[in-house]
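Visitor: Sequence:
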Amino acid sequence: KTIITTGPPHSLHLIGLSLKNKYNVQWIVDFRDPWTSIGYHKKLRLTPWAAKKHKSLEKEVLISADKIVVTSHTTRQEFEAITPKPMKVITNGFDENLSPRELDQDFTISHLGSLLTGRNPIGLWQAIQELVSENESFQKALKIKLAGVVSDEVQKSLASFGLDAFVQQMGYLPHDQVLETMQSSQVLLLLEIDSEETKGIIPGKLFEYLNAKRPILAIGPKDWEAGNMVKECNAGKFLHHSEVAMFKNVLLDWFNQYQKGKLKCQSKNVEQFHRKSLTESLAKFI
Numbered sequence: 177k178t179i180i181t182t183g184p185p186h187s188l189h190l191i192g193l194s195l196k197n198k199y200n201v202q203w204i205v206d207f208r209d210p211w212t213s214i215g216y217h218k219k220l221r222l223t224p225w226a227a228k229k230h231k232s233l234e235k236e237v238l239i240s241a242d243k244i245v246v247t248s249h250t251t252r253q254e255f256e257a258i259t260p261k262p263m264k265v266i267t268n269g270f271d272e273n274l275s276p277r278e279l280d281q282d283f284t285i286s287h288l289g290s291l292l293t294g295r296n297p298i299g300l301w302q303a304i305q306e307l308v309s310e311n312e313s314f315q316k317a318l319k320i321k322l323a324g325v326v327s328d329e330v331q332k333s334l335a336s337f338g339l340d341a342f343v344q345q346m347g348y349l350p351h352d353q354v355l356e357t358m359q360s361s362q363v364l365l366l367l368e369i370d371s372e373e374t375k376g377i378i379p380g381k382l383f384e385y386l387n388a389k390r391p392i393l394a395i396g397p398k399d400w401e402a403g404n405m406v407k408e409c410n411a412g413k414f415l416h417h418s419e420v421a422m423f424k425n426v427l428l429d430w431f432n433q434y435q436k437g438k439l440k441c442q443s444k445n446v447e448q449f450h451r452k453s454l455t456e457s458l459a460k461f462i
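All residue numbers for the sequence shown refer to the working numbering, where the first residue is 177 and numbers rise by one.
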């Protein structure tokens with residue numbers, strides 16, 4: 177018999193630990209997010225005793241489990257320093273087999289999902305402002321689509337760079353409209369906070385972006401795993417928040433291709449992230 181516990185909440189792993197100790201079963205621990213190394217863990221204001229207890233419980237779970245599933249190579253490396261148990265990276269993925277859609281007439285740069293203050297791409301807004309002032313064709317074609325929650329700080333940044341007139345605030349969208357927007361956009365934005373703690377974060381929307389097969393501009397911390405995946409799949413460009421000149425070069429190159437009707441995403445090996453493939457990988461690991 178096999179028991180699989182998945183977290184967070186990581187308290188479920190403690191139930192699995194109890195069952196493992198009581199019964200003769202195979203126990204597989206599935207970490208959809210890290211435990212003590214996730215960014216918000218430090219913000220929980222734990223006492224030194226509580227922080228030590230979390231570490232101790234995490235180690236006990238990792239050592240006691242028969243097999244471990246994680247969603248990123250960053251987490252795998254972290255856990256391999258704690259336990260020698262068999263470990264498998266199985267990322268999140270996508271479900272849909274999408275039909276082709278007509279592209280937007282405008283040069284649309286779209287972000288789908290919450291755009292909170294920490295992810296605010298100041299360097300990108302600066303680059304777009306410079307392109308708008310330098311290139312009249314770019315100015316006439318540009319549209320920035322934002323679907324989901326957009327923080328006040330991001331709104332103020334867009335206004336300060338004179339870009340609010342180019343922004344289409346789409347608010348919350350049903351999932352089918354999210355997918356349609358991804359497919360019809362000229363460029364998709366993938367953003368992450370610039371910090372050491374976020375290097376291993378792989379946003380779930382990355383996989384839907386890959387499935388939509390539109391060029392992705394990934395902006396995040398150095399060695400960001402999600403950004404490296406964009407590069408490995410040949411699905412777009414991965415840049416650090418500070419690379420303003422490169423933002424301009426990439427967007428201008430893509431804009432020139434857009435003007436010729438030739439802006440395409442020549443991605444590869446994307447089907448590995450279809451949930452059918454991921455489920456097959458999990459079944460073999462079990």
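Where hints are given, some of them may not hold.
Said to hold, decoys possible - In silico lysine-lysine, PhoX-like type, Cα no more than 20 Å apart, as pairs: (1) K243 / K228; (2) K444 / K424; (3) K440 / K407; (4) K452 / K438; (5) K424 / K398; (6) K319 / K436; (7) K231 / K261; (8) K243 / K177; (9) K389 / K375; (10) K196 / K228; (11) K243 / K389; (12) K381 / K460; (13) K235 / K177; (14) K264 / K228; (15) K440 / K452; (16) K407 / K460; (17) K389 / K438; (18) K460 / K444; (19) K436 / K316; (20) K316 / K381; (21) K389 / K440.
Hints listed in this document are in silico derivations from the structure and should not be mistaken for laboratory results.
Visitor: Now tell me if each hint is right for this structure.
Guide: Each hint, compared with the structure:
{"no.": "1", "hint": "K243 / K228", "in the structure": "violated (24 Å)"}
{"no.": "2", "hint": "K444 / K424", "in the structure": "violated (25 Å)"}
{"no.": "3", "hint": "K440 / K407", "in the structure": "holds (15 Å)"}
{"no.": "4", "hint": "K452 / K438", "in the structure": "violated (31 Å)"}
{"no.": "5", "hint": "K424 / K398", "in the structure": "holds (19 Å)"}
{"no.": "6", "hint": "K319 / K436", "in the structure": "holds (18 Å)"}
{"no.": "7", "hint": "K231 / K261", "in the structure": "holds (17 Å)"}
{"no.": "8", "hint": "K243 / K177", "in the structure": "holds (14 Å)"}
{"no.": "9", "hint": "K389 / K375", "in the structure": "violated (24 Å)"}
{"no.": "10", "hint": "K196 / K228", "in the structure": "violated (23 Å)"}
{"no.": "11", "hint": "K243 / K389", "in the structure": "violated (34 Å)"}
{"no.": "12", "hint": "K381 / K460", "in the structure": "violated (26 Å)"}
{"no.": "13", "hint": "K235 / K177", "in the structure": "violated (24 Å)"}
{"no.": "14", "hint": "K264 / K228", "in the structure": "violated (26 Å)"}
{"no.": "15", "hint": "K440 / K452", "in the structure": "violated (26 Å)"}
{"no.": "16", "hint": "K407 / K460", "in the structure": "violated (28 Å)"}
{"no.": "17", "hint": "K389 / K438", "in the structure": "holds (14 Å)"}
{"no.": "18", "hint": "K460 / K444", "in the structure": "violated (24 Å)"}
{"no.": "19", "hint": "K436 / K316", "in the structure": "holds (16 Å)"}
{"no.": "20", "hint": "K316 / K381", "in the structure": "violated (29 Å)"}
{"no.": "21", "hint": "K389 / K440", "in the structure": "holds (8 Å)"}
This entry does not satisfy hints 1, 2, 4, 9, 10, 11, 12, 13, 14, 15, 16, 18, 20, going by the numbered hints stated previously.
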